[in-house]
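There are 2 protein chains.
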Amino acid sequence: MTNKDVRTPASSQSNGELAPADGAGVSASPDSGGAAASPEKGETEKSDTGKSIGWHKAYVEGSRPDLRVPARQVHLTNGRSVTLYDTSGPYTDPTVDTDVRRGLAPLRGNWIIGRGDTEEYPGRPVSPEDDGIKHTSPRGGLRNLDAVFPGRPRLPRRSRDGRAVTQLAYARQGEVTPEMEYVAIRENVSPEVVREEIAAGRAVLPANVNHPEIEPMIIGKRFLVKVNANIGNSAVTSSIEEEVEKMTWATHWGADTVMDLSTGRNIHTTREWVLRNSPVPIGTVPLYQALEKVDGRAEELTWEIYKDTVVEQAEQGVDYMTVHAGVRLPYVPLTANRKTGIVSRGGSIMAAWCLAHHKESFLYEHFEELCEVLAAYDVTYSLGDGLRPGSIADANDAAQFAELRTLGELNKVAKRFNVQTMIEGPGHVPMHKIKENIDLQQEICDEAPFYTLGPLTTDIAPAYDHITSGIGAAMIAWWGTAMLCYVTPKEHLGLPNRDDVKTGVITYKIAAHAADLAKGHPGAQEWDDALSDARFEFRWEDQFNLALDPDTAREFHDETLPAEPAKTAHFCSMCGPKFCSMKISHNINEQFGGTAAGATAEEVADGMLQKSKEFAAAGNRVYLPLAD
Amino acid sequence: MTNKDVRTPASSQSNGELAPADGAGVSASPDSGGAAASPEKGETEKSDTGKSIGWHKAYVEGSRPDLRVPARQVHLTNGRSVTLYDTSGPYTDPTVDTDVRRGLAPLRGNWIIGRGDTEEYPGRPVSPEDDGIKHTSPRGGLRNLDAVFPGRPRLPRRSRDGRAVTQLAYARQGEVTPEMEYVAIRENVSPEVVREEIAAGRAVLPANVNHPEIEPMIIGKRFLVKVNANIGNSAVTSSIEEEVEKMTWATHWGADTVMDLSTGRNIHTTREWVLRNSPVPIGTVPLYQALEKVDGRAEELTWEIYKDTVVEQAEQGVDYMTVHAGVRLPYVPLTANRKTGIVSRGGSIMAAWCLAHHKESFLYEHFEELCEVLAAYDVTYSLGDGLRPGSIADANDAAQFAELRTLGELNKVAKRFNVQTMIEGPGHVPMHKIKENIDLQQEICDEAPFYTLGPLTTDIAPAYDHITSGIGAAMIAWWGTAMLCYVTPKEHLGLPNRDDVKTGVITYKIAAHAADLAKGHPGAQEWDDALSDARFEFRWEDQFNLALDPDTAREFHDETLPAEPAKTAHFCSMCGPKFCSMKISHNINEQFGGTAAGATAEEVADGMLQKSKEFAAAGNRVYLPLAD
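If you read the protein sequences in the order shown, they are chains H and Z. By the count of UniProt numbering, the first sequence reaches residue 628 at its end, each step adding exactly one. By the count of UniProt numbering, the second sequence reaches residue 628 at its end, each step adding exactly one.
Please keep in mind that the hints were generated in silico from the structure rather than gathered at the bench. A couple of the hints might just be wrong.
Since the list can't tell identical chains apart, any single copy or any two copies may satisfy a pair.
Under the rule of at most 25 Å between Cα atoms (straight-line distance), these lysine to any residue pairs were calculated in the SDA-like manner [said to hold, decoys possible]: (1) Lys359 x Val294; (2) Lys433 x Glu119; (3) Lys307 x Asp551; (4) Lys435 x Gly520; (5) Lys415 x Glu541; (6) Lys433 x Asp529; (7) Lys433 x Glu175; (8) Lys339 x Glu304; (9) Lys293 x Ser239; (10) Lys433 x Phe149; (11) Lys435 x Arg222; (12) Lys415 x Arg72; (13) Lys307 x Arg539; (14) Lys519 x Trp479.
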């Protein structure tokens, strides 16, 4: 993202009425270095030069007043600034008054209504069963969504006359939607590139018409690699507030989408709160809730119960749904001699159903009907890999690739119905077998976006699976995966807490950015360059503020050299004040910086004797005197 | 490593007199699960079945009674055991009485003496200056090494008549030394493969004749990928005991070698303590100590001071030394327009010297003489990459590759003198530029072992550079790097503490093992398979004990499900007791496990109807009743 047209927040937004920013160009508003440290807003920190430091919310304006793309603008102590992609939503804008009980403003509200192809309708009745509360009032129950969320009243929307109201449909018709323009600005590419990639099925822009609160984002191999964070209560622990907090926490550190994988009580209500407060697309696995509705008995699942659950979640605003329609009856026995069988929950539910009825999967059989439902809300498919390998031994086996071929077939069906589609991928895969996964997926699925979990490159390090998988994630993203599902240190062991969520997100932002660099994404290296410049020039505060995690970087520095002067000192604790390689480099740069550019070693050596004499005359000083 | 011939410790060892183990085959001695948790020994933990659990020190016997290769034997609750490579030294053998003031027994003592090609000699006088104590007693000082270490008296050894007493020389003469046999057992390959790889210069076995305490290990692309951990006091913090403790801590978690990069006071004495207590090869950068001797004034360095420092360290027993002989005068200006100049301390010292004198590097000029010194002690070269890139922007530039070509030239010189040699590599390199590094190094340096720092795949994550670099490390190791120098979370920010050392080592063991898997190292996958089997069968204690870090894995599990019964429960906190994908898989395995092996999906599907009926007859139970 370039710096031009970046504006800082000048007025508060509410209920979708976005006032235009005043002033032109870049102007910093005093804001918190603390905003990078925690979701609290409004703190102001000043450097000793009196300038405000840290990062600030800024907006890049599009072609219409209500199209303002947020960015994280880092102000450096040398007077420059660096503008970075920002996923943290209005929570980090001190001019916006957010309240989790009211929800975020419907940023896209006017865009959706303006298209005139959707309509409000009463929606299906919400029942206590939707929240996992059994055998109380079988019919009736809550009449609409207001009862589960205290925010503004709202009826669900869907397409008029069963038309496809998807970004894919618009893109194919040659239309650049405001959502497409929004992501084009975010990605620093032209809107036409965005439209083309979506039209070709190589990218998705998940944006349910019932989730107007999101800041649009795109998932595709020609764009920045994205990161998903999973949250969700379970039968063992649960709390609505905790899940909303985890969502904002994850997006604060850089999660591009969040999947709500709740399985316990209050599953409907939790999802409503998460959706109304989420600035990023929300994904789910409807099968989990459907299973709750039949008391965990997979064989009692029916197409009707499943479809009703999908409608329920689509009305709430879920942006993409994992559908395990590739777990077909004949593939189940292929997993029998695996080391770790079926490790996907969705996959195992469908396998159990197929076995119990000796029938083909109802998801596979009813896939076209499901496409019609998703097209009416612009819910994006995430075709689940229910047969993904759960161990190194099972990677790239017959079951996995049989399912992948079916996902390729379903991808073509979904496209006929104008449903945006991405494909999920493994799992546990050793490094030498990773590339085959992405190559085969791209070939079989017509370059639909690949969305992978890791992959984990070894099984031996429980408690460090963010790292075993971060390695595989960086590699597969370099080779073309569009979105990475994070893995936390608790994988295989327990439920992630706040620290685990942060560690997972940061690890995956590293993997994603490493891949952006390797793919040569426009502007990706500017971030690295800015940080390395700060490092070379001993601008410690700038290093911290540019870091993916400013808090921990600052804390680690202060452990060894806590005093405030050390943050402006021209040395670091690795070498101490007496000796410093950076100083020598500065000296070399001063001597040769002008002459050496583009010259060969031999050419430069000819001119070195004179320089050497100057060096000696200056006292051979390679260690400059320190201020302290 | 196979299980045959594995014996558990049966008698204590002292002063190199190794009594043969009694009993044959595998027999477990009661030992600590706690040994995996901390360096303390002798604790015994019993499972509720009365069996001892955790891991135990075992020895694989070689062709002579004093050749016993340590292994970590993990005893599983199903009665089986898994034998893993062990770097923790005698500290985890409860039958050995270790004392840091006495040092470890000289395991290789008789092998070195038995060759008859070395002799003891008085050694150079140790002076206070060697410890960084200036201007006190300019001459004389301490007479021998005893004064700096309270352990057994000892004189240094060197070759008789200036002969090369290196493992390279022996290998070229067709001799399989006990050291070679030792590593062959450790690596599960034939001794002849070890000899061939060393003779060809494709592997090194760092083993100074003055460091008889080490358990021999090998570094080469045909062997397990190794990990080095750096320790060392500095001008900012220092303590001898701390450094010794850091060394045993690092090897406890899996460090294969340790580099002592101390730069402050007591540099000589610290090194002596580290060497006498280290079961792994120790590396150094002699230039750091030489610079201390000239009060940090690079231009005052001389070949004589440097050579004397190398002899001092060789007499102490340093196994490999980083020598920045590739930083030549004409290359210095090539770094002038870099983003981060010269980030290597050794590189910048030599660059400063070259500039000050306008002369070619004294290390380059005297390289042959240096080879003679190293050959006399079997010190291995680690040819330093003083011009490695310190940022993404500087990767693979002219300065870096100019130096690499010189290292290739010096490698050939070293081989003429029978000096074992490895080559150091970067640094900061984006993923798409990593492969060029290893390919070029292997070509230019005649396949000499590559020893890389990371590489870091992005600059934007200070405080997480163990991860930014772990990604690059895994990749470059897969492609042929033989040893990885770890990076801790404190990189760029401060000095690593105990936790940082552990995190760095564990992260790099992951990278190394992921590479071993990708390279198909014999037996590497057995570890993953054992852990995945335990996971699939809900043997929680086995999962913990097989984990790279059993403590943290157990702790994370207990955070969510702390009760003792949960460790034997057939479910985990991710799904809770009601629903479990693993259970469904077990059910599928029971139904189809026998029939599906090798069959196609279609063949198996034909036989499924009958199975489905059986499934229904059994009550469609995919959730087995739980014990609790």
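With identical chains treated as interchangeable, where does the CA-CA distance between Lys435 and Gly520 reach 25 Å or less: within a copy, between copies, both, or neither?
-> Cα proximity of Lys435 and Gly520: in one copy and across copies (19 Å, 16 Å).
Tell me, please, which holds for Lys433 and Glu119 at an alpha-carbon limit of 25 Å: within, between, both or neither?
-> For Lys433 and Glu119, neither the intra-copy (48 Å) nor the inter-copy (52 Å) Cα distance is at most 25 Å.
For Lys415 vs Glu541, is the C-alpha pair at or below 25 Å within one copy, between two copies, both, or neither?
-> For Lys415 and Glu541, the Cα distance exceeds 25 Å both inside one copy (49 Å) and across copies (48 Å).
Alpha-carbon proximity context of Lys293 and Ser239, limit 25 Å | Classified as within: same-chain Cα gap 20 Å, cross-chain 63 Å, threshold 25 Å.
Should Lys339 paired with Glu304 be assigned to within, between, both, or neither, using CA atoms and 25 Å as the limit?
-> neither (34 Å within a copy, 62 Å between copies)
Alpha-carbon proximity between Lys415 and Arg72, which holds within one copy, between copies, both or neither at 25 Å = neither (35 Å within a copy, 54 Å between copies)
Within a copy, between copies, both or neither: where do Lys433 and Phe149 come within 25 Å Cα-Cα?
-> neither (46 Å within a copy, 51 Å between copies)
Evaluate Lys433 and Glu175 at a C-alpha cut-off of 25 Å and name the case that applies: within, between, both or neither.
-> Neither: 40 Å inside a chain and 39 Å across chains, both beyond 25 Å.
Is it within, between, both or neither when you check Lys435 against Arg222 at 25 Å Cα-Cα?
-> Close inside one copy (18 Å) and across copies (23 Å); limit 25 Å.
Go through the copies and call it for Lys359 and Val294: within, between, both or neither, with a Cα cutoff of 25 Å.
-> within (19 Å within a copy, 83 Å between copies)
25 Å Cα threshold - placement of Trp479 relative to Lys519 | both (8 Å within a copy, 20 Å between copies)
Classify it for me, Lys433 with Asp529: is the Cα-Cα distance of at most 25 Å met within a copy, between copies, both or neither?
-> Classified as between: cross-chain Cα gap 17 Å, same-chain 33 Å, threshold 25 Å.
The structure fails hints 2, 3, 5, 7, 8, 10, 12, 13 (numbered hints given earlier, in ascending order).
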